[in-house]
Amino acid sequence: MQQALSWCDPANFKVYMLRELVNSAFASWLATNGFSEAEYVFDDKAFGNEILVYRSPDAFMRFVNDRGDVYIDVSPPTQDSPEWFLLDNLLQLLGYAAESFTGGRESQMRNVIEALNTDFPRLKAMLRPADLEQTRKDMEELCRSKIRQMFPQ
Amino acid sequence: MVDIALTVTAAYLAPPIAAGVLRFCRPGAAAKAAEGITVLGRYPGYLQKAEGLGAHRFNIPREIWEKMTLAERWAANQKFLDRTIARGDRVVFSSPLSEARPGSWFAREIDYLISKGFSPNAAGTELVRPR
Chain A
1 MQQALSWCDP
11 ANFKVYMLRE
21 LVNSAFASWL
31 ATNGFSEAEY
41 VFDDKAFGNE
51 ILVYRSPDAF
61 MRFVNDRGDV
71 YIDVSPPTQD
81 SPEWFLLDNL
91 LQLLGYAAES
101 FTGGRESQMR
111 NVIEALNTDF
121 PRLKAMLRPA
131 DLEQTRKDME
141 ELCRSKIRQM
151 FPQ
Chain B
154 MVDIALTVTA
164 AYLAPPIAAG
174 VLRFCRPGAA
184 AKAAEGITVL
194 GRYPGYLQKA
204 EGLGAHRFNI
214 PREIWEKMTL
224 AERWAANQKF
234 LDRTIARGDR
244 VVFSSPLSEA
254 RPGSWFAREI
264 DYLISKGFSP
274 NAAGTELVRP
284 R
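Note that the protein sequences, when read in sequence, are chains A and B. For the first sequence, the residue numbers in the working numbering are 1 to 153. For the second sequence, the residue numbers in the working numbering are 154 to 284.
Warning: the hint list may mix true and false statements.
In the EDC-like style, the derived pairs of lysine to aspartate or glutamate whose C-alpha atoms are separated by at most 20 Å in a straight line are [stated by the list, open to error]:
| # | chain 1 | residue 1 | chain 2 | residue 2 |
| --- | --- | --- | --- | --- |
| 1 | B | Lys220 | A | Asp43 |
| 2 | A | Lys146 | B | Asp264 |
| 3 | A | Lys124 | A | Glu83 |
| 4 | B | Lys202 | A | Asp43 |
| 5 | A | Lys146 | B | Glu279 |
| 6 | A | Lys45 | B | Glu225 |
| 7 | A | Lys146 | A | Glu99 |
Quick partial rundown of chain A residues pointing at chain B, CB under 10 Å, derived from the structure [stated by the list, open to error]:
| # | residue |
| --- | --- |
| 8 | Val41 |
| 9 | Asp66 |
| 10 | Asp69 |
For the record, the hints were derived by calculation from the structure and aren't laboratory data. Just so it is clear, CB atoms sit at the ideal spot from N, CA and C, and this is done for glycine as well.
Chain A extracted, bound-state conformation (with noise of 0.2 Å):
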């Protein structure tokens, strides 16, 4: 039976498991929505961590396995210097609970397909150049926010 990993299971950590992981959650969701693989990086020299990074016209994606802990990262597509902001909190922006994307492996991946369902083309549009700068500005007060939330005094 195949051992269950969470997105943040640091004593489920096995080396190569990024593509399995993202091809049983995500494949099907990203040819849907025109992206294909690009490039792969296993580092032997760093615990094994992998990336695993997507291209589409609209936007990059990349999966990261850091030690276990999986992360997705989306990014404007800029072919030379990507801006990666944290999927999590990309959703956050445009409305979803913190608590969506904690939890278990399989609700996670669950809640966050169901949200790129939905919100993708929102999502898209908060990379435009246009909206760029403002979407950093809201990532930042977005990490002031969850400060505040976590030292309150």
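Based on these hints, arrange chain B on the given structure of chain A.
Just chain B, lined up with the frame of chain A:
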């Protein structure tokens, strides 16, 4: 790049690991100006930022990491943070504090330093040492 070779004591590592060597990276001679900085954050950003600054960062090759238990991994990470504290380093983030997911390695590192009296600056870009 010069690494500090740290022979890990058997006190908290199983024999195959205790016999080995972990490397906690530190700045090379060319980056003297940036000594006294430790970078924390998500991969790969924290390694890139530390490289750029010539700063300390936690990094272990896959070959060794794979052989360690979860407890050994966290013990090694804690040891790195204890050295950061002992050196009096500035602790800077490569990723916003808001990207530290509960339960992640990044979040555990922050929680550990908070438990030692550190606190985030207003912008969430650094951890400030206890006074």
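Starting from the hint list further up, note which numbers the structure goes against and sort them upward.
none
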